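With the hints as your guide, set chains B and C onto chain A.
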Amino acid sequence: MLTFTIRRLLLAIPTLLFISLVIFLLLEASPGDPLGDVPLTVPPEVKERMREALGLGQAWYIRYVLWLKQFFWVEPLHWFDSVFGTQFSAGMQRIISFQSRSPVFDIIAQRVPQTLTVVGFSYLVGILIALPIGILSAYKQYSWFDQLGTFVSMIGFSMPTFFTGVVLIIIFGVKLQWFPSVYDTTLQVRDWDSFWAQVRQMAMPVTVLALYNAAQISRFMRASMLDNLGQDYVRTARAKGLSERTVVLKHVLRNSLIPVITVIALGLPAVFGGAIITEQVFKVNGLGQLLITAIHGNDIPMVLTLTFIFAILIVLFTLIADILYGVLDPRIRYD
Amino acid sequence: MKKALVPALALMMATPALAERGSDGDLRVLYWQAASVLNPYLSTGAKDVDPASMILEPLALVADDGSLIPVLAAEIPTIENGGIAEDFASVTWRLKPGLTWSDGTPVTAADVAFTAQYCMAPDFGCAVLAEFDGIETVEAVDDLTVRIRYAAPKYPPLQAFVGGRTPILQKAQFESCLGSAGASCTDQNFGPIGTGPFRVTSFEPGNVATYEANPHYRDPAKPAFARVTIKGGGDAMAAARAVLETGEFDFAWNLQLAPDVVAPMEAAGKGKLVGSFGSMVERIELNQTDPSPALGAERSTLAHPHPFLTDPAVRRALSMAIDRPILAELAYGPAGKPTCTIVPVPETFNSGRDECLTQDIAGARALLDQAGWLPGADGIREKDGVRLHLVFQTTVNPVRQDVQSLVKQWWSEIGVETDLKTIDGTVFFGGDAGNPDSRARFLADAQMFTDAFYLPDPASFLDEFVCNRVPDQGNQWQGNNSVRFCDPAFDAMMAQLNQTGLPRDRQRIAKDMTDMLTADGHVVLPLIHRGMISAHANSLAGVTPNGWEGSLWNIADWSRAE
Amino acid sequence: MTDPDRQHALDTAETVDATAAQAGAVPGLPPDEPHHAGETRSQWRDIWRQFRSHRGAMVALVLFVATILFVVVGPYLWTIDPTYVDIRARNSGFSAAHPLGTDQLGRDMLARLMAGGRVSIAVGLTAMIIAITLGSLIGVVSGYFRRLDAPLMRLTELFLALPLLPLLLLMVTLFREPLSQNFGPAMGTFILIVSAIGATSWMQAARIVRGDVLGLKEREFILAARSIGTPAHRMILRHVLPNVLSPIMVAATLGIATAIITESALSFLGLGFPPDFPTWGRLLYDAVDQMVMYPWRVILPGLFISLTVLCVNYIGDGLRDAMDPRIRGR
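Residue numbers (UniProt numbering), protein chains in the order written: chain A, 1 to 335; chain B, 1 to 562; chain C, 1 to 330.
Same shape as in the complex, but just chain A (with noise of 0.2 Å):
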């Protein structure tokens, strides 16, 4: 296994590359403009000065080896500078936003922190959910629990959250008044009363979320659950006097957990990739918000460093993935 980690690790390294070079020339030839939002009375030639400030005078593989050598070079000393007080960066430009003209990863630091409380929080949520739920109606397949388990699932899972958030904020938001509309990132927990008012202005994305993510997971579950329910294996199992919870919890789940496994491998990076419409809905500015103005105003090295450190984080999640089959199933080989 540790052989197979390490190779997979090695490999991981050109295949990022490819990754990023990809990405930077899907975001050359895209049709975006970083200076589609300058008034048109501005004449050609003063834009033109614009673009030349912002670099893009210079040919694409230029730029692109120049962040490349930001990326892995000068973000990595800078950062190394500000943990040990050290000098190696002075003077090395680091990767700058066109839209803030402010380093890429200094906002991106800002804005982890609210993704992770909340995407991450309703994940979590989510997947708490989900597994009972999962579980419980497949092993009483078409009970009425069963039956109402698929409902709420199925329309949990049609409807998007566009429409859900704002159901949610009309409700709690404005009819009832019980939570906030819009989150306060500024908002620092210090006592009591701020403690009390994170939560309840996390209260309506988390749950939005939370129902979203755990719909779609608890079905891969209950699929799976029931996939093996019917195996010969159950039958020994439970012949040879195992009590039921044993069978069930033990040997099933344990069975049953791979697609799971999967399912739930791949929504992780998409936690730290943030939640575009529900952090719009609930003002939430996470990293999702962060990556669509982005994308809205073409703000190339943005787009690029956080794609690529999605690109990261989805290779390093499938390789967890795939240690994980090999764990819930011995006989899973990949040397």
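One or more of the hints may lead you astray.
[Claimed, not checked] Simulated DEER-style distance windows between Cβ atoms: (1) B:D419 - A:V327: 34 to 40 Å; (2) B:L357 - C:E177: 33 to 39 Å; (3) C:M58 - A:D232: 27 to 33 Å; (4) A:I62 - B:N475: 23 to 29 Å; (5) C:E177 - B:N475: 20 to 26 Å; (6) C:M58 - A:L21: 49 to 55 Å; (7) B:L374 - C:M58: 55 to 61 Å; (8) A:F151 - B:E417: 42 to 48 Å; (9) C:A97 - B:Q476: 52 to 58 Å.
Because the hints were derived from the structure by calculation, they are not lab data. Quantities reported herein were computed from a predicted structural model and do not represent experimental measurements. Note that beta-carbon positions come from the ideal geometry of N, C-alpha and C, so glycine has one too.
Below, chains B and C alone, put in the same frame as chain A:
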């Protein structure tokens, strides 16, 4: 007696408690598009300029009626007071004495001169460079006097440092940001030192900015608010809800929403809507060149005139078929007024033509019949094998899509067939030469969008329609004359306008030029004079609309009214 | 039955199934039990009998057929043009002239729901089939053939990492004109949308299927089948695919919902159908702002989307149960 007394008392209570800076506590403002930088020289978007206008101030602001209000200047330069030279080749501004920056240091003419140098530096890429067009030197004559010299007579002469888009920066702070170094001056761009009523305490680009009252502000009684938060994110609907329904915020900006949606929200009684009308006009451009795919790279070039939109009768009929008052009422509500001109303000430049305001379907049909465009078998008019079939494109925007549907319906009633197309806004307004869907490339027959100008003189705006601004392969499809209007007479009038100083003559020429494009030529069909709608809580006093400046232009005067 | 005969019968059954799978139907494959294999006809009857006994699935099937009829036949009975603007009748409630009311421009909601349903169901089903076929294919192949695993999974990672919005915008720029010239504007847009959604949503299915196949490959019956020299393509079609059917089914049902919603999202990029052309997703989105005043405009398209997704889900459940020989015997 008592009855009369209560309102009077209420009125007295409502007037802001006189004096004392910061006595009204917190002000919460919602901009659903968040600011990404607080330096207007880097970004001209209202989302960036407005939050910066609380900190940075220009020499003069434009008032709602188009006149100028001195801000840092002691008075507005005129020919009479000697501020504007007789030959229109130089302008002398005098600063108010005793002004200080928010760090307590004095404001001097050197700061003004530096700001011009900062924007005009070759490698900087200043977003408002056009406002400094023609400037030869800006020199500090003494501590309070600054002289702007133009290379040639300049009409109108008051341009740079007028309006919130060209404020004065502090030389001491920005000195190290000249030229290409300007790109990485994050601290300066996120926290400029200014003369305005507030100063930044924290700024997260794209998310939230917080301010506190500037202790060195020149009026000791202002601002009334001690702290301001400008939160970004969400959409216009959510912003309206947060002010009008939940009351979480005091002020929300740019709420272009369907009138039947906001009216009941306003009726809830927590806040009200305010509209300010600048120079924005929603217009349809009728392509004067042929966009037919058969022409390959020569599509939409002056070499191939449009098969039917070059016929004045067709253009006029298309304009007559549109019911502008209905458009305004259904799609825009308080945010729009029907208009027949693309230069509605300042009033003195408005040519006052209004015959397009009444829809005339029968008249349009008759006009087309007369011009020989007769209905074919399917009801679509044709002449010599040319069918009146249009592709009508615009950006993705619910209001625009409603207008598109309505216009398509009206045009179908006069026998013109329309295919609708929508394009993502950043793509439509993008300047990439290889982009087939951009406004400038214009591979369609009609397109709808809004354009604006920021100083109360439309010369720079009308300059968009001269021949050499027509986008073509030679200029990489750059150029603002997307409608491809090219008339030597118009160009001659433009040249004349650029040499005319007398306001009355300028107004006359500009009106004639506008009419050539709209009321007489029907090359550009003005639809709606658009306003900027904002909502504010009833408890907020002092919000005054101003179409030329940002929504927060007089935030120093805002206060909490009970 | 002699051995060659049986082999021939097996091959026929496979061809039938393979064609059926290509035609877009859910691949129904013969079970592993030898005494059933080869008797294709009675087996399909078995499946149908089992399916009929699944009450939820039958109700769903009836509702689904009704929905299809509503959107396909409906426009011939209710002939109002869904794009016709009638300002005087705008925002009207339920009435004889407009049974489901009108929208903010006076367009008939019933006609718009029918026209919108056509597009949404067609886009949802086609995009889902493309995504699931692509996903299962890549998943099975990379799970089964060790040598192809690494390159295919890296490809999956690449697609997962690509930012969707610029990709879609690029697709429009490159393909909108040529497609609409070759297939006409409506069909061209349809192809563009369906392939855009299909090409960007197969990755999850591929990953899940691969994970399952990896585990399956080591199971006794596969080893047994391999030891008697079963060729790879038959191993996959007969032994592997039927056993990964349930996650595929789930991915398919979820995929329809996603595709319908994604279609509406695409129209906000200017990528979708012409703006006056209704689809369920767009009807829902457009009405969200007016939800408080005109709740029906949100509820109706929302109801139709949920109904379609629920139906497909139950039909999928019924099919899977019907095709599982272990359950069928019960």
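Evaluation of the provided hints:
1. Range check, B:D419 to A:V327: Cβ separation about 58 Å, and the 34 to 40 Å hint is violated.
2. As the Cβ distance of B:L357 to C:E177 is approximately 38 Å, the hint placing it in 33 to 39 Å holds.
3. Taking the beta carbon of each, C:M58 and A:D232 are about 30 Å apart, inside 27 to 33 Å as hinted.
4. Here the CB-CB span from A:I62 to B:N475 is close to 25 Å, well matched to the stated 23 to 29 Å.
5. Taken as a hint, the range 20 to 26 Å holds for the pair C:E177 and B:N475, whose Cβ atoms sit roughly 23 Å apart.
6. At about 53 Å, the beta-carbon gap between C:M58 and A:L21 stays in the expected band of 49 to 55 Å.
7. Checked against the given bound of 55 to 61 Å, the beta carbons of B:L374 and C:M58, roughly 59 Å apart, stay inside it.
8. Hint check: A:F151 to B:E417, Cβ distance near 46 Å, so the stated range 42 to 48 Å holds.
9. With their beta carbons about 54 Å apart, C:A97 and B:Q476 fall inside the hinted range of 52 to 58 Å.
In this structure, the one hint that does not hold is number 1.
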